[in-house]
Structure formats: structure tokens, C-alpha cells
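Student: All chains should be modelled from the sequences, with the hints used to inform the complete structure.
The numbering of the sequence shown is the numbering used here, which starts it at 33 and goes up by one.
Among the hints, erroneous ones may be present.
To be verified - Here are the computed lysine-lysine pairs in the DSBU-like style, where the Cα-Cα straight-line distance is at most 35 Å:
hint	residue 1	residue 2
1	K207	K194
2	K152	K242
3	K202	K152
4	K367	K276
5	K276	K318
6	K364	K325
7	K367	K257
8	K242	K232
9	K361	K257
10	K152	K318
11	K325	K276
For the record, the hints were derived by calculation from the structure and aren't laboratory data. None of the values given here were measured: they were computed from a predicted structure.
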Amino acid sequence: MENQRKQLLKMIEEGRISADEAFKLLEAMEREEKEAKQKEEKAVEVSPFLDEKAFQKEEPPRERDLKKKVFSFLDQTVKKIKDTDLDFNFGTSYDVNQIFQHSDVEARSLDLDIANGNVKIEPWSQNEVRIECSAKVYKVNSQEEAKKLFSQETIFSTEEGKIRFNVQNKGIKVKAHLFIPNVEYNEIILRTFNGPIVGKDLKIGNLKAKTANGSLSFENIRGEKGEFETVHGALSLQNISLNKCEGETINGAINLRGEARHVDLQTFNGSIEQYLIQPSQYVFLKSTAGSIKTFFAPGAFIDGSIRSNFGNLTCNLPNVHILEEKNEKIQKVLKFRSINSGESVTKIVAESRTGAIGLYEREV
33 MENQRKQLLK MIEEGRISAD EAFKLLEAME REEKEAKQKE EKAVEVSPFL
83 DEKAFQKEEP PRERDLKKKV FSFLDQTVKK IKDTDLDFNF GTSYDVNQIF
133 QHSDVEARSL DLDIANGNVK IEPWSQNEVR IECSAKVYKV NSQEEAKKLF
183 SQETIFSTEE GKIRFNVQNK GIKVKAHLFI PNVEYNEIIL RTFNGPIVGK
233 DLKIGNLKAK TANGSLSFEN IRGEKGEFET VHGALSLQNI SLNKCEGETI
283 NGAINLRGEA RHVDLQTFNG SIEQYLIQPS QYVFLKSTAG SIKTFFAPGA
333 FIDGSIRSNF GNLTCNLPNV HILEEKNEKI QKVLKFRSIN SGESVTKIVA
383 ESRTGAIGLY EREV
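Tutor: Here's what the structure looks like:
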């Protein structure tokens with residue numbers, strides 16, 4: 033049973049099965065083992081998570097608590113989002129294609145909010161804002177009614193230095209492709225409730241991207257601060273250059289490549305993989321049910337600690353002195369520091385409940 037649970041956790045981490053499917057498999061295995069024990073022993077019901085020693089002590093096993101946190105909580109959260117909140121689209125729909133465009137735009141901020149749909153944003157050489165929309169409109173009886181409702185529910189403006197695009201009707205599923213002037217923006221805010229967000233080649237002061245159900249994918253981002261948040265979806269940040277980068281997801285992997293002085297990445301059910309091309313000042317990485325891998329730039333000076341309850345810890349960095357190492361059954365800790373550290377030192381803290389953590393030097 034222990035090996036089966038480990039295999040299920042690995043399958044979730046690799047994306048081969050969902051948390052919901054793993055939870056149901058665990059429940060089925062529990063029932064089968066419980067019924068077998070009842071027939072053989074005809075005694076007190078014993079959970080398949082309990083070994084003999086745990087049963088003699090009459091204490092709830094740590095594995096059961098872990099299973100509840102990793103599967104039950106996650107299953108309830110994602111199931112609520114998928115089955116209840118996101119059940120927007122049903123019945124007949126009508127397709128509406130429309131292009132919104134304003135010329136001679138002098139804007140330095142952007143605010144986009146779409147309840148249901150996909151977003152892609154990128155700059156272009158024109159001094160114009162162009163939004164190409166493909167929408168499916170539900171709960172209407174004709175094509176004309178669909179066009180009218182889409183026009184009524186859409187807000188598009190480029191006034192007072194701000195680009196605004198807003199579609200809050202959840203019965204309209206929008207696929208929006210934004211082309212914005214290739215200038216540096218003070219702030220860009222992108223929000224969807226049900227759909228992924230993709231952005232590339234952006235120069236910004238502050239970037240905020242948030243969705244409840246969908247992935248976040250950004251490439252070639254230059255700016256001061258980036259905040260990325262999703263509940264159900266992966267987070268991919270490629271070739272970024274930020275002073276501060278914060279990313280969070282409940283159910284999804286996180287992959288970062290680039291440079292940031294302050295990094296804070298957290299996922300509940302998913303792995304974290306990070307490639308830093310320049311030294312950072314502070315890095316915090318946390319995963320409850322996934323592995324963590326970080327690759328540092330050659331010659332980087334490191335000071336920090338990594339810990340996991342059940343996963344293996346690896347610090348494969350040259351010229352690093354191990355300050356403390358704890359390798360107990362339910363808790364592993366490794367504290368370390370580079371020998372002869374220079375002025376620029378990267379402070380790293382990485383934590384995982386069940387997954388392994390590894391620190392490596394990036395190949396040139």
C-alpha cells in the first residue's frame with residue numbers, strides 16, 4: 033500500500049492523473065484492504081495507512097494526515113471551482129467575431145478583466161491598440177441577439193492614459209488577442225476567472241496576472257515586479273528579468289527561467305523548477321506535494337536551508353560548506369553556506385512536505 037501511494041503521488045506530479053482520480057483510487061484501495069482485514073481478523077477496523085506499531089500506540093498515522101491534506105483538501109477546492117463556479121457554458125451558443133481598435137494611443141497602464149475566456153497579449157510597432165475577439169455567446173436565441181449582447185457587455189476604452197477591456201458576463205466565452213504599443217508600461221493588470229493568460233515581450237513597472245482556472249505563461253518580461261496567481265493551472269515564466277517575482281498556484285507546476293532579485297514561488301500540488309541566470313538576493317520556494325529543483329548561475333554564493341518531511345535533499349553545489357544536516361524518518365534538514373562568500377550572496381529557503389529538493393549549478 034505504501035508503494036502504491038508513492039506511485040500515485042509521482043503520477044500526480046508528472047501530470048499523468050488528476051488529484052481527483054488519485055483520490056478515488058486511494059479510496060478504492062482502502063476499501064479493498066479494509067474488507068480483507070475484516071474477513072481475516074474480524075476485529076477492530078484498521079486503516080491501510082496504519083502499520084503494526086502505529087496501531088499498538090493507537091495514534092493517527094502521519095500518512096493519513098498527509099493524504100487528507102494532499103488529496104481531500106485539493107479535491108474539494110478544485111472540484112468546487114470546476115463543477116460549481118465554472119459551469120458557465122451550456123446549451124446552444126452563437127459565434128461572434130469582433131475587432132476593437134483605437135489609434136494614436138498614449139497609454140502607460142492596462143486593466144483587463146474577463147470572466148470567462150482566454151487572453152493573449154503582446155506589443156507591436158503600431159501606435160494603436162487592437163483587440164481581436166472570438167466569442168461564444170450563450171443563453172441567447174439568435175445571432176443578432178448574440179452580437180447585441182456581446183457589444184453591450186464589453187467595455188473598451190483608452191482614456192486618461194489607461195487601456196481598459198472588460199467582459200464580466202460569464203455566459204460569454206471570449207478569446208481575446210491584444211496588440212498594444214511597444215512602450216514601457218507603469219502597470220499591467222490581467223484577470224480572468226475561467227481561462228489561461230499568455231503574455232510576451234512586455235516592459236512594465238508592475239505586472240499582475242490572476243486566474244482561478246487556467247495556466248499562466250509569460251515570456252521575455254522586463255520590469256520591476258511580477259505577481260502571478262492561479263488556483264488550477266501551471267505557471268511558466270521564461271526569460272524574465274524582474275526585481276521581484278511572486279508566483280502561486282494550488283494545483284500546477286511552476287517553471288521559472290531568468291533573473292530576479294527576490295523570488296517567492298509556492299504550489300500546493302505540483303513541482304517547482306527554477307533556472308537563475310544571475311545571482312538573486314532572496315529565494316523562497318515551497319511545495320506541499322511536489323519536488324523542487326533550483327539551478328544557480330556558476331560561481332554564485334549561496335546561504336540557506338532546505339527541508340522536507342519525506343523527500344530526499346541534495347545540495348550539489350561546488351565550494352559549499354554544510355552547516356547542519358538532519359536526516360530523520362519524518363524530517364530532513366540541510367543548512368549550508370558557500371565557502372569564501374562574496375558581497376552578493378543568494379539567501380535561499382526551500383520547503384517540501386513530500387517531494388525531494390535539489391540544488392545544482394547551472395551548466396554554461
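Student: Look at each hint and say if it fits the structure.
Tutor: Checked hints:
{"no.": "1", "hint": "K207 to K194", "result": "21 Å, holds"}
{"no.": "2", "hint": "K152 to K242", "result": "13 Å, holds"}
{"no.": "3", "hint": "K202 to K152", "result": "19 Å, holds"}
{"no.": "4", "hint": "K367 to K276", "result": "24 Å, holds"}
{"no.": "5", "hint": "K276 to K318", "result": "17 Å, holds"}
{"no.": "6", "hint": "K364 to K325", "result": "16 Å, holds"}
{"no.": "7", "hint": "K367 to K257", "result": "29 Å, holds"}
{"no.": "8", "hint": "K242 to K232", "result": "16 Å, holds"}
{"no.": "9", "hint": "K361 to K257", "result": "39 Å, violated"}
{"no.": "10", "hint": "K152 to K318", "result": "28 Å, holds"}
{"no.": "11", "hint": "K325 to K276", "result": "19 Å, holds"}
Hint compliance for this structure: hint 9 alone is broken.
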